[in-house]
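Trainee: Sequence:
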Amino acid sequence: MVTTETPPAPPSRRPAGAALAFLRNTWRGLTAMRTALTLLFLLALGAMPGALLPQRSLNATKVDEYIAENGRWGRFLDGLQFFDVYASTWFSAIYVLLFVSLVGCLLPRTWEYFRQMRAEPVLTPRNLARMPHHATGETTLAPEDVVAHAERRLKGWRRTVRVEADGARTVSAERGYLRETGNLVFHFSLLGLLIAFALGKMFGYEGQVIVPANGGQFCNSGVYNYDSFRPGLRVDGTDLNQFCVKVDGFDATYLHSGQAESYRADLEYQSGDDLATGTWRPYRLEVNSPLRTAGDRVYLIDHGYTPLFTVTFPDGQVRTGSVQWRPVNPVTMASEGATKFDPPGVTDPEQRRKSQLAITGLLAPTAVFRGELLDSAFPAADDPAVAVDVYRGDLGTDSGRGQSIFSLNPQMVEEGKLVKVARQNLRVGEQLTLDDGTAIRFDGVRDWVALQVSHDPTQVWVLVFAILVIVGLGLSLSIKRRRVWVRAAAREDGRTVVEVGGLARTDQAGYGEEFTGLSRDLLAKEEKS
59 MVTTETPPAP PSRRPAGAAL AFLRNTWRGL TAMRTALTLL FLLALGAMPG ALLPQRSLNA
119 TKVDEYIAEN GRWGRFLDGL QFFDVYASTW FSAIYVLLFV SLVGCLLPRT WEYFRQMRAE
179 PVLTPRNLAR MPHHATGETT LAPEDVVAHA ERRLKGWRRT VRVEADGART VSAERGYLRE
239 TGNLVFHFSL LGLLIAFALG KMFGYEGQVI VPANGGQFCN SGVYNYDSFR PGLRVDGTDL
299 NQFCVKVDGF DATYLHSGQA ESYRADLEYQ SGDDLATGTW RPYRLEVNSP LRTAGDRVYL
359 IDHGYTPLFT VTFPDGQVRT GSVQWRPVNP VTMASEGATK FDPPGVTDPE QRRKSQLAIT
419 GLLAPTAVFR GELLDSAFPA ADDPAVAVDV YRGDLGTDSG RGQSIFSLNP QMVEEGKLVK
479 VARQNLRVGE QLTLDDGTAI RFDGVRDWVA LQVSHDPTQV WVLVFAILVI VGLGLSLSIK
539 RRRVWVRAAA REDGRTVVEV GGLARTDQAG YGEEFTGLSR DLLAKEEKS
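Quick note: the sequence shown uses our numbering, first residue 59, plus one each step.
Everything labelled a hint here was simulated from the structure, so no lab data went into it.
Incorrect hints may appear among the rest.
Unchecked claim - With a straight-line Cα cutoff of 20 Å, these simulated EDC-like cross-link-like pairs (lysine to aspartate or glutamate) come out:
| hint | residue 1 | residue 2 |
| --- | --- | --- |
| 1 | K475 | D373 |
| 2 | K538 | D493 |
| 3 | K398 | D373 |
| 4 | K213 | D224 |
| 5 | K478 | D400 |
| 6 | K412 | D373 |
| 7 | K120 | D360 |
| 8 | K213 | E170 |
| 9 | K259 | E209 |
| 10 | K120 | E394 |
| 11 | K259 | D294 |
| 12 | K475 | D447 |
| 13 | K120 | D331 |
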């Protein structure tokens, strides 16, 4: 009776081994140079929305306007974090993967490079005639003399002299190692740029502030002095670099089309020991000429106008208001805003809230009237005028909630707590009178400037690494790796056969001419001798 046994099933791969193999293959793929290049391309591609679309960190208002104008498409882009590109999950993932990929592929490559630098040039191939470049000749010189001359001719090459088993003498020479040096410099500098950018985001900060251009001051003593402030991940705003600036004046020039040609602000600043002595130093601040002091940079980024209003209340008390209005038309500098007043002498909180005033509307630096409608024809303050709406009531400033200095609380208007009591166009010196006898006079405009303070402790390193990237790329593109071998073998008749072979390790363009000149010099020298 014949019995058959079913062979046992092959053992399945253990889950731990499969997971280890998956991780190993993933790491190999991630640390491949082609993966690093792909991630670098994706990083550049991912940065394009940050340059083409408004970013919420820079101008949240423009982002809201873009979403409102584009509807579903704007909301779709917002869902993909295209308005917060540099803080998005996908951009950070590409950034981190690129960093890991560069580290993973550069470390073994660097180790291999140092091993090659310490190693001797490779042995001379047996059949030099198979080399892409080859030449041969005969001479009466001894092989030792041939090799000596070859060494002199190949000065500057990494070379090694060997004696083969049949007595032939060879010279192995290599050149162009700086190509790989440049390649490593390029990639390590790129890695350094990534690290510098990351550290800059961690320990840097950036803030904007509006300062009146008639002696207004700003001190970098805390985040509360800024209108907007974006700290790095490791910045809490309690240890900012100490300096102060004072804006004494502002000057702008415009083309006939209304386009700004130049902005210049006359500053005085103090930092370091000047803070203790009270010394102010002058500086001419321009758009592309920032003030660098105390490790920070101060930029001139914008300009606008502040309307001046004088309010005379029924009891004869006078209040003046000067609050900056924001430009809504960058070409004509037509501006909108709100200047708010509390009634003087009113101590009852309820009565005070019911009697607050707000002047809002449109400011035209160079007024032009189209019927009753006011518009601006030019950005310079040649003939300023305002079209104002005056509101009386509760401004909502006591609610404990922050509100924009450029507009009224719409909820107060909708609930009827803030009522429009007058509307009128005013030129400089003109006034309107409310029903209770309050007089509001428009007294002209003043300039304000928007300053940006930037602190980046890695900016010098960014510059250094950027230069090294260019240097490394130039070396890797301009230098060619090549090898040359010389074999001198004595024949029985006393003559010496000389063979020269060459191989380009990279692009062969240009090496043929170099090899031809080198071999001709070697062989011609031997023949002359």
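Trainee: Determine for every hint whether it applies to the structure shown.
Mentor: Comparing the hints with the structure gives:
1. Simply put, K475 and D373 have alpha-carbon atoms about 24 Å apart, too far for the 20 Å limit, and the pair is violated.
2. Proximity of K538 to D493 is assessed by CA-CA distance (about 88 Å); at most 20 Å being required, the pair is judged violated.
3. The hinted pair formed by K398 and D373 meets the criterion: a straight-line CA distance of about 19 Å does not exceed 20 Å.
4. A distance of roughly 27 Å separates the Cα atoms of K213 and D224; the hinted pair therefore is violated under the 20 Å criterion.
5. A distance of roughly 16 Å separates the Cα atoms of K478 and D400; the hinted pair therefore holds under the 20 Å criterion.
6. Of the supplied pair hints, the one linking K412 and D373 holds, its CA atoms being roughly 17 Å apart against a limit of 20 Å.
7. Among the hinted pairs, K120 with D360 is consistent with the structure: their alpha-carbon atoms are about 15 Å apart, no more than 20 Å.
8. Distance hint between K213 and E170 is unfulfilled; the C-alpha atoms sit about 25 Å from each other, more than 20 Å.
9. For the given pair, K259 sits about 54 Å from E209 by alpha-carbon distance, which is inconsistent with the 20 Å threshold.
10. This hinted pair checks out: K120 and E394 have alpha carbons roughly 16 Å apart, not beyond 20 Å.
11. For the hint pairing K259 with D294, the CA-to-CA distance comes to about 13 Å; that is within 20 Å, so the pair holds.
12. With a C-alpha separation of about 16 Å, the suggested pairing of K475 with D447 holds against the 20 Å cut-off.
13. A C-alpha spacing of about 41 Å is found between K120 and D331, which places the hinted pair above 20 Å, so the restraint is violated.
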